[in-house]
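Undergrad: As you go down the protein sequences, you meet chains C and H in turn. When the count follows my numbering, it moves up by one through the first sequence with no breaks and lands on 301 for the last residue. When the count follows my numbering, it moves up by one through the second sequence with no breaks and lands on 1073 for the last residue.
Calculated from the structure, these hints are not laboratory results. Heads up, a few of these hints could be off.
Here's a subset of chain C near chain H, in silico, CB distances under 8 Å, partners left out [what the hints assert, rightly or not]:
{"hint": "1", "residue": "40"}
{"hint": "2", "residue": "90"}
{"hint": "3", "residue": "104"}
{"hint": "4", "residue": "107"}
{"hint": "5", "residue": "257"}
{"hint": "6", "residue": "259"}
{"hint": "7", "residue": "262"}
Note that beta-carbon positions come from the ideal geometry of N, C-alpha and C, so glycine has one too.
Letter by letter, the chains look like this.
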Amino acid sequence: MIELPVARARLSDDKPLRIGPFALDSRLIVGSGKYASFEQMQRCVELSGSQCVTVAVRRERLHDSQGRNILDYLDLEKLVLLPNTAGCYDAETAVRCARMGREILLGLENPGAGWVKLEVLGDQRTLLPDPIQTLRATELLVREGFCVLCYTSDDPIAARRLKEAGASCVMPAGSPIGSGQGILNHNNIQIILEFLKEGQPDFPMIVDAGVGTASDVVIAMELGVDGVLLNSAIAKARQPELMASAIGHGVLAGRQAFLAGRMGKSRYASASSPEIGVITASPPPIVAAEQSQLEKSEKTA
Amino acid sequence: MRTQIQYIEITVNGVPRRVESNLSLEGLVAELKLAPRQVAVEMNQQLVPRRELGQHRLRAGDKLEIVSLAGGG
């Protein structure tokens, strides 16, 4: 078994990720679903360097079929849990779900009580968000004092409306949940960044959904997003632990590249080696037929 | 003369259940062998805070949702 490096939580010269009253060193938020086992989930969370894990709220299922509890595999001292409203298709149900998530985290005394990843879906096959119900749920939850992180599409107008409605963080999808296609519309993601950060450069934007592999994460971070949220990219990889480490490092690499400021792009070449001081070019090689012709003419001369 | 125990029908997580009438929500959580700190209880679509579970008595026809945390993205 190879030793896998644990992705360090934060670059020493970077600020933490701030969402409402929360400050996270790691810019990666990971989901807790779809793993082969709770043990695997636990290892992957650790290897990714993430400090924030999303959880779902579901009818009483305290133990899996072997009588185990997911809470036994999430270190509540080190991790902030972020309850989601996954599976909700209307604002009222999502609000009820958020309240229940808050109540449970209050009982567990985890700092995640009071924030929620809001998902209000519009369609079962695509799991695309319902923009109208999402907006309505955001308004209701903000009124109840929640710190709302909104899952939304890559529509810049929807993203802006959610920020105006009081969302603490807007999270556009790169592509459908669990589809692993990465960012499908880079242009829209960049427009959303501009819209959300206008007048408020620290307003957090997180790419959530559709991330498939480490390069997707790097690309997102290089665009300037503040963080990435993913679940399937790790859980459904052939080797989840290895992917967790890769993705943890990907977040750091992408963030470093963004902070470093990439070189510009141009149509034409620009040599990397100096152009003066190149040695004289050698004469071109003579082919065999030409060589014997040359020798003949030299003999007759 | 022994008093007869009265039972009522409620619904818990979509499933009908017979419980002793006048059972409190706190009593129900205990009957279901659940850890009160790890669940949230909603009665007739209203969340009941954990500290108030003992104050609510069940009545026939009550619809409860008792939820806990599960894996999710």
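Undergrad: Which constraints among the numbered hints does this structure fail? Numbers only, ascending.
TA: Per hint list: 1, 2, 5, 6 and 7 violated.
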